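> Chains as they are written, first to last, in my numbering: chain A, 1 to 820; chain B, 821 to 1027.
Some hints could be false.
Here are the simulated DSSO-like cross-link-like pairs (lysine-lysine), alpha carbons at most 30 angstroms apart as the crow flies [unchecked claim]:
(1) A:LYS123 / B:LYS923
(2) B:LYS923 / A:LYS256
(3) A:LYS100 / B:LYS875
(4) A:LYS246 / B:LYS875
(5) A:LYS100 / B:LYS923
(6) A:LYS100 / B:LYS990
(7) B:LYS875 / A:LYS12
If you're looking for bench data, these hints aren't it; they were derived computationally from the structure.
Since the structure is predicted, the reported quantities are computational estimates derived from the model, not experimental observations.
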Amino acid sequence: MTGCCGCCTALKPRYKRLVDSIFPDNPEDGLVKDNMQKLVYYGTSKPEKLDRIGQYLEQRLSRDVTRSRTGYVSISMEALDQLLLACHAHSNLFVESFLKMVHKTLESPEPQLQILASQSFVKFANIEEDTPSYHRSYDFFVSKFSSMCHSSAEPETTRIRIRVAGLHGLQGIVKKTVSDDLQVNIWDPVHMNKIIPSLLYSLQGCNMDNDPESPKEDESPGVVAEMVLRDLVCRATFGNITSVLKPVLQHLDYHKLWVPNKFAVKIFRILMYSVQDQYGHMVVHHLMSHLDAHNKDEPRVKAGIVDVVSETVVIAAGGSVGPSVLEVFNTLLRHLKSSVSVQTSDRQRVLDEKNFQEAVINTIGEFANNLPDYQKIEIMMFVMGKVPLLDLEEDVSSGDRKDTLLQTMLLKTMLKVATKYRTVLMINAFPPAFLDPLLRMSLAYDAGIRLIVQEILHTLLDRHDNSGKLKFVSENSDTITWIPKDIQALNLTVEKASQQDIFFIKKNGPQFYSCIYENMLQENNKVDNFEALYCTLALLSIELGGEDILVDLVRLAMGIQNISVSSDLPVTHTCAIHAIVAAYLNLIGQLSAIPNMCTHVSEIIDARKNKAPHLLPDFAFNRSNTEQSYPTSTNVKDELLFDQAVINEALTSRGYDTSTLGTPFTISRLSQSRLGRMDSWFAETSSGSWLQDEVDMAHSTSDIHSITLSIDSSSSSQTPLMGQRGQAPEDITFESLKKIITEDDVERKRSQEMKQKAILEKFQTAPFEQIVAKIDAESMVFQNKLSEILTTISDENKDNAPQHQTTAVFDMQFPDLYVY
Amino acid sequence: MEDYKYLFKVVLIGNAGVGKTCLVRRFTQGLFPPGQGATIGVDFMIKTVEVDGDKVKLQIWDTAGQERFRCITQSYYRSANALILVYDITCQPTFDCLPNWIKEIDTYASSKVLTYLVGNKSDRLLHREIPAEIGEHFAKQHSMRYLETSAKEAENVDRLFTEIAVELTKQAKENFLRPRQDSTSGKVGMPNGGSSPVGGLSCCKLN
C-alpha cells in the first residue's frame, strides 16, 4: 500500500510534489515554512511552471472550500500570497488562477474565509503589475465587496470585520484599476453605483452608532469608508466626477438624508476636501442640478440641499462658481422666486418655505463672498434686474403680497451680497446703472422694502463700521445717547473723503438727498425706517461729507424740518422727523466743528428737552410709545425749530458759501419740486387726508401742471450750482411757490422767461456731460414722482381700469420728452 | 479544473417582508429561518445544481426590499441573468407595487432578462388576498413566468430555481452553438445584455 503510494508520488510532477509538501498533516500546524521556501525558489527559477502551480493550488483550494476545511484554505491562500509576491512579474496566468481562488473563497458563506480572501485581494492590489491584463473583470469583486459592506452577520465583531474587509476590497479594486486606462473602467456607473452607496452606508452606520466625541478606532467601518471615499474622490477627473456624485445624491435621496442634513453636509465636506481643486465647481454644479430636480419637493428637502450647497461653497471658495457665474445665481434666484410664489395656508409649509428662502439667500451670499468685488456689484445689478418694479402701481391696489414678498426676498439677497462687498471708492460701489434702480427701489410703497434698501445703502456707504454706532436700536440703548453732547462719545471713525468720492457725491448727491427727503414723506414709515434714514444721512456726511457738501446737507436738513412743519403727516411721523433733524444737525455741526452752529443746535435741543421732549429722538424713537403719549397738536413753536438764519450765519462765519442756503427750497432742487407739488396738493384737497380723498381727472391734470411748474423752478434752482450764485431769480420758499401757482400770469411769465434764459445760458456754457448727468438724475426723480402721483390717482380710481394703462404711457414718455 | 460548467446570476427583488431571503435560504441551505430580519443592502449566496448532467452554478443576489436601499440594489439588476420578482399573496400592497417594480426592471435590467413572478407564502391559504389567477394573469401580461411558492413548506422553491437554471442553460447552449465572436475564446456568452458570466469551457484547460 505504502509502496504503491510512494510510487504514485514519484510519478507526480515535481511542482505538484512541492505544492503538496507545504501542507502539513494537521491544518492547525500552519504552513510548512521550509517547503514553502523551496516552492518559492522553484517558482522563481522556473517561471514557466508557475501557471501549473497556480492551477494546482487552485484545484486544491476549491476542494477545501467545498469541504469547508478552513485551515487548509488559509494555508493555500498564504502560499499563494507568498508566491504572488515573489513571482508576480513573471506570469499573468498565475494571477488569473490567483484571482479565481480569491473569487472562490469569497463565495464561501464562511465569514472567516471571506475576510481572508479580501485580505489576499488587498495584497494583490498593492502589487504593481508591469504587464496589464485587458480581459480581467472585477465585476464579481465589486459586487461581492459591496455586499460585504452591508453585511448583517452576527455577532457584531464579525459583522464589523466583514464590512471592513469589504471596504478594503473595494479600495483594492480602485487602486488596481484607477491608474491604468487599459484596465476595467472602474468609473463606469455600473461599478460606482455599487461602490459609492456601500461607502456611504458604512459612513452612515458609524455616524449613528457613535457620537463624534468618542474615540475612533482605526478599523471601524466609518473610518475606513471615509478613507476609501477620499482616496476615490481625489483620483476622480473631470470626466468621471459625475459618476461619483450621482450615486451620492441618489443615496441621500433614498435614505432621506437631506432633512436633517448633517450627514449630507459631512459627506460633501469629505467630497470637497478630497476632490481636485479645479473640479470643485462640478460638485456645486451637481448639487444645483439636484436642487432643480427637487423643485417640486418639500421645501424642507430643498432647504437641506441648499444648505449643503452653501457649505460646499464655503469650502470651495474661489473655485465654487466655475465658468458660469450668472447661471448659478440665476438658478438660485429662480428657486427663490418659485418658493415665493407658493401659496398655501398651511402654517408649517409657510414656515418651511421661509426657511428655504433664508437658506437660498444665505447661499447666494456665500457665493458672492467668493467673487471679486467688481462682480459682486454686477451680481447686485443682476439681482436688481430681477426685482419686479410694478409695485408702485400694483401693490396697494391689488393687495397682492406676492410681488412685495419677492421684492423683499431679492432685496434681502442684495443686502447679503452687499455685506460681502468692501467699498473702496463710492463710484465703484454705485455705478449709475446700479444706483438709479436702487434709489428708485428706496421709494417703494412697502415700508419693509424701503428699510432693506436703506440697509443696503448703509453697508455700501459705510467703510469704517460706523453704521452700528449710528443705529439707535441697539439693545444697550441706555449707554448710547441719541444726541451726544460730544460726538466723540459715538466713537466714530472718520476719514477724509477722497477726491473721487467728493466728485461722486457732487454728481449723485442730489439723487441721494431727494430720495431721503421723499422717504421722510412716506406715510407708512415705521420707527425703523426713520432710524435707517437717519443712519443713511449720517453715513453720507461721515463718508462723503466735508466742506464741499456741508451746505447741501444742511439745506437738506432744513428742508426736512420744513416737511414736518408744513405737511400733515401724523404726529408720530412729525416727531420722528424733528428728532432726526435734531440728531443730524447735532452730528454734522460737531463733525464740521462750527461753534456757532453747535451752540444753536444745543440751545434748541435744550429747549426741546424742557418744553417738547417729544421732538427728540429719545421719545420719538421709543417703541413703547402709545398714541396717548403724543401731544395732540402738531404745531411746533418757532423757538423749538432750528433757525435757518442762525445756521446760515454760522456757516458764513466759517467761510462757507451759503448763498444757496438762503434759498431753502434749492436745498435740494428735487425736494423743492416735491414740496411745490405737495403744496399744490394741499391747496386742492382742502381736507388734510388727501390720500382718502376722491381725486378726479381734473385734479390729476392740475397735478401735472403743478409738476411742470415745479420742474421749471427746479431747473432754475440749478443755476446757482452752475456757478451763477446770487443770480437766483427769486427767493423761493414754500409761500412763494404757493404764490406762483395761485398768482396771475404776468408775474409768472416774467419769472419763467428769466428761468428760460438761465437754462439757455446753462446749456450753452456748461459741459455736455454735466448737463446730461444732471438731467438724467432729475428725470429719474421726476419719473418716480410722476409714477407715484399716478399711482395715487389710480389707487383712488381702482375701478377705473384704463387709468392703469395711461399711467404706463406717462411713465414711459414724460421723461424722454423732457430730456431731449 | 472548474467545478461547474455554467454560472448564472439570479437577483431577487420585491417589497420588504415578502420573503425573498427565506426563499434563498430555503433553497441554498434548506432551512426556514423564523424571524428573519430585514436584509441590509445586498446578500450573496451560491448554489450549484445539476442540469442534464452539467453542473450549473447559481450566484444568487438577495436584495433588500426597503426603499432606502434602492440605490444599491438597482445597480445589481443589470448584470443579472434572471430576476425573481417576489410578492406576498397575503398582502395586497405588495402586489400593487408590482407595476413599479416592472418599471424598475425596464429601467435598470437588461432587456431580455428572464423574469419570474413569484407569489410567496402560499402556505397561508386562509389569509390569501390575491388569487392565483390574478397573479398569473399579471405575469402573462408582462411576459413573465409565474409560480407560487412557500419558503416555509419548501413548496416549489427548488422547482423555481431549477426551472431558472434549466432555462438559462438552454439559452446558453443555444447561444453557444450559434457562432459568436467570442466563442473562440471559449467563454460562454449570455445573449442578454452582454453580461459575461463565465464558466470556463476552454479545451486548453482540460489538461
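> Does the structure break any of the earlier hints, and which numbers would those be?
Hints 1, 4 and 5 are the ones this structure does not satisfy, whereas the remaining hints hold.
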